[in-house]
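Number of protein chains: 2
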Amino acid sequence: MTNRRFILKKRPVGEPKPDDFELLETPIPEPEEGAFVVRNHFISIDPAMRGWLDDAPSYMPPVDLDDAVRATTVGRVYKSKNPEFTEGQWVLGLNKVEEYSLVLPGGFTSPIDVDLVPSPSIFLSALGAVGLTAYFGLQDAGQPKAGETVLVSGAAGAVGSMVGQIAKIKGCRAVGIAGGAEKCRRLIEDYGFDAAVDYRGKDVDTLTREIGEAAPDGVDIIFENVGGDILDAGLMNLNEYSRVILCGLISEYNTEPKGARNLWQTIVKQTTVKGFLIRDYAPRFAEGGAEVAGWIADGKVRFDEHIDSGIENSFEVFMKLFSGQNNGKLILDVSPD
Amino acid sequence: MTNRRFILKKRPVGEPKPDDFELLETPIPEPEEGAFVVRNHFISIDPAMRGWLDDAPSYMPPVDLDDAVRATTVGRVYKSKNPEFTEGQWVLGLNKVEEYSLVLPGGFTSPIDVDLVPSPSIFLSALGAVGLTAYFGLQDAGQPKAGETVLVSGAAGAVGSMVGQIAKIKGCRAVGIAGGAEKCRRLIEDYGFDAAVDYRGKDVDTLTREIGEAAPDGVDIIFENVGGDILDAGLMNLNEYSRVILCGLISEYNTEPKGARNLWQTIVKQTTVKGFLIRDYAPRFAEGGAEVAGWIADGKVRFDEHIDSGIENSFEVFMKLFSGQNNGKLILDVSPD
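From first to last, the protein sequence lines are chains A and B.
For the first sequence, position 108 (counting from the first letter as 1) is numbered 107 according to numbering that gives the first Met the number 0, and the numbering increases by one without interruption.
For the second sequence, position 74 (counting from the first letter as 1) is numbered 73 according to numbering that gives the first Met the number 0, and the numbering increases by one without interruption.
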């Protein structure tokens, strides 16, 4: 009985490469007094993980070299010396890409009731940080008003597809940007966006024009997941007093960033740009989760998961974040047989 | 008797060149019913004017080709067919770089009381858009709290020097960025900044480190006038829940913009970036002007004007905005002999 762990060996320079990581077999950790061990079942693979690999100022310390990569997981308590967590209990927590995670006293882990949902993985998707990032990001940071236009980049992704659907619930026009005809078709048919713009093979000027056609009254809110050319083209379509929710800049993470070269538009349009992290909303997760769960139950929003299996595939699954091959929230299934 | 006018002949590509403009002699305009003509004395030369020359989305239409360049001026009513404006009256208005401006009905012009101030030019500097941009930009958009650190770029400039002084009045640490040892000396000795960083000849990493040394508790507010490398280095020093007031990006106006390549820091620090225009604060100008005038009278703030003379020097004076040769608010004096 061993623990297989996805270890950071070197800090990636640009695009992560296989030999930046290593799959290591170690003994299953033994909890000391107050700690417990979780057998992970589902591991959330998120864009934020790329930032955690760099040694740069952030909201969390970087992942240590020779340690497993940090990730949010859902699993069951395997062995506990913490009276608040009993063996077999399902938990959600900030752990690592590994089969068994040691949770020290004070670690961020909370019990979840898996009987409420069709799959425990939903606590990593619609009811997890992803669904709630869309929920609080659009509503709190964006303050959408009926009749406004919301532009979403990475719109076929886990966060983006939810943002578009919430925009529609709030009475807004939803315009999505995604890569390729198939994703654009899904934006309209699966997620109910009003218009879709395919960014592939287009320069900033062309994207600017196409966004303008898709948003004939201009853009009141940008929900940004991508950055670079896509953000620059969005900025050129802003209305006065618009809001930009900066949720992610995934196009900038693995390369020399292009930067926001049309940032001056935020001056002339008196735009507010808000850097958004879901972390501070933890006290309101129950409120947000309840509303999202209700929308899903009522068929008002659709949430897709893309679940790949096997800890040995950690690197390949992680890299789908950048190639955009996944359709829905990317999750690694490492459940025991 | 003719009117000399600084005419836009071609839209500048990159850095403005002399032959993008022309000094044209025309007859003095004749006002029709409801209009009046102002004999300009002082013309405000501002970074915003560069943006008005481009045919790009903005808060005002671009300057027309073959028309004089738009500018805020102070002058006296020369001939009036508007009963609210009498000949000889001093006025402040959005006019043009020319000796005589025709003000049509509904044009933005207001009477000023020049007996209150040592020079009418002060309505273009400390008591004008520049002083009030610093006043409302820092206080309203920045919400400074005592003990916080305010980082100001273009700190020796008209807006920046005022921002630093208001930051000190509010109990903040003021760190200024400027070009050259002499400007840095003035930041400390003339304007009371706590620390100065000379950006000349330094890359983003070096600037990042030097700002970090000047702001050992991190940066809570950036008041940005410059952009490019300087903004990127500031972003790397942000504290959580920091605010960036985007007032100008003068380093980006004449070249292919470098862009904000460290924008991701605003996500991980949950920063709010506000594009700032003074325009909407017009209803509060009297309130702000009164407080700034009080500070100047009490010797709490110092405001410098850099006044060059002669409409025939319009181009050279305008270009000082980009070379940073001016010390204080840049004003063109076109007063009659």
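Quick caveat, the hints were computed from the structure, so don't treat them as lab data.
Note that the Cβ used here is the ideal one computed from N, Cα and C, for glycine as well.
Be careful, since some hints might not be right.
With a cut-off of at most 35 Å between alpha-carbon atoms, the simulated DSBU-like pairs for lysine-lysine come out as follows [what the hints assert, rightly or not]: (1) A:Lys16 with B:Lys9; (2) A:Lys167 with B:Lys273; (3) B:Lys273 with A:Lys273; (4) B:Lys167 with A:Lys273; (5) A:Lys257 with B:Lys144; (6) B:Lys299 with B:Lys9; (7) A:Lys16 with A:Lys319; (8) B:Lys78 with A:Lys8; (9) B:Lys144 with A:Lys144; (10) B:Lys201 with A:Lys257; (11) B:Lys273 with A:Lys144; (12) A:Lys319 with B:Lys257; (13) B:Lys8 with A:Lys273; (14) A:Lys273 with B:Lys80; (15) B:Lys273 with A:Lys319; (16) B:Lys257 with A:Lys257; (17) B:Lys16 with A:Lys257; (18) B:Lys9 with A:Lys201.
Looking from chain B toward chain A, a few residues come up when the C-beta cut is under 7 Å (computed) [what the hints assert, rightly or not]: (19) Leu22; (20) Pro26; (21) Ile27; (22) Asn253.
Each hint tested on the structure:
Note on Lys16 of chain A and Lys9 of chain B: the hinted pairing is violated, with a Cα-Cα distance of about 50 Å set against a maximum of 35 Å. Distance restraint check for Lys167 of chain A and Lys273 of chain B: the Cα-Cα separation of roughly 26 Å lies within the 35 Å cut-off, and the hinted pair is therefore satisfied. Taking the CA atoms of Lys273 of chain B and Lys273 of chain A, the gap is near 9 Å; set against the 35 Å cutoff, the hint holds. Simply put, Lys167 of chain B and Lys273 of chain A have alpha-carbon atoms about 26 Å apart, close enough for the 35 Å limit, and the pair holds.
About 34 Å separates the Cα atoms of Lys257 of chain A and Lys144 of chain B, which keeps this hinted pair within 35 Å; it holds. A C-alpha spacing of about 44 Å is found between Lys299 of chain B and Lys9 of chain B, which places the hinted pair above 35 Å, so the restraint is violated. Between Lys16 of chain A and Lys319 of chain A the alpha-carbon distance is near 13 Å, which keeps this suggested pair within the 35 Å criterion. This hinted pair does not check out: Lys78 of chain B and Lys8 of chain A have alpha carbons roughly 79 Å apart, beyond 35 Å.
Taken as a hint, the Lys144 of chain B and Lys144 of chain A pair is honoured in the structure, with Cα atoms around 31 Å apart against an allowance of 35 Å. Between Lys201 of chain B and Lys257 of chain A, the direct Cα distance comes to roughly 20 Å. Compliance with the 35 Å bound is thereby established for this hinted pair. With a C-alpha separation of about 20 Å, the suggested pair Lys273 of chain B and Lys144 of chain A falls inside the 35 Å cut-off, and the hint holds. Restraint check for Lys319 of chain A and Lys257 of chain B: the C-alpha separation of about 29 Å stays at or below 35 Å, so the hint holds.
The straight-line distance between the Cα atoms of Lys8 of chain B and Lys273 of chain A is roughly 40 Å, outside the 35 Å bound, and the hint therefore fails. Restraint check for Lys273 of chain A and Lys80 of chain B: the C-alpha separation of about 49 Å exceeds 35 Å, so the hint is violated. Straight-line distance between C-alpha atoms of Lys273 of chain B and Lys319 of chain A comes to about 34 Å, which keeps the hinted pair within the 35 Å bound. Of the pairs offered as hints, the one joining Lys257 of chain B and Lys257 of chain A holds, with about 8 Å between alpha carbons and a cut-off of 35 Å not exceeded.
Between the alpha carbons of Lys16 of chain B and Lys257 of chain A the distance comes to roughly 28 Å, so the proposed pair stays at or under 35 Å and holds. Pair hint Lys9 of chain B plus Lys201 of chain A holds up; C-alpha atoms about 29 Å apart against a cutoff of 35 Å. The criterion of a C-beta within 7 Å of any C-beta in chain A is not met by Leu22 of chain B, whose closest approach is roughly 28 Å, and the hint is violated. Annotation: Pro26 of chain B was flagged as interfacial toward chain A, and the flag is violated, the nearest CB pair being 35 Å apart, outside 7 Å.
For Ile27 of chain B, the shortest C-beta to C-beta distance to chain A is roughly 33 Å, which exceeds 7 Å, and the interface hint is violated. At about 12 Å, the closest approach between the beta carbon of Asn253 of chain B and any beta carbon in chain A exceeds 7 Å, and the interface hint on this residue is violated.
Against the hints set out earlier in the document, violations occur for numbers 1, 6, 8, 13, 14, 19, 20, 21 and 22.
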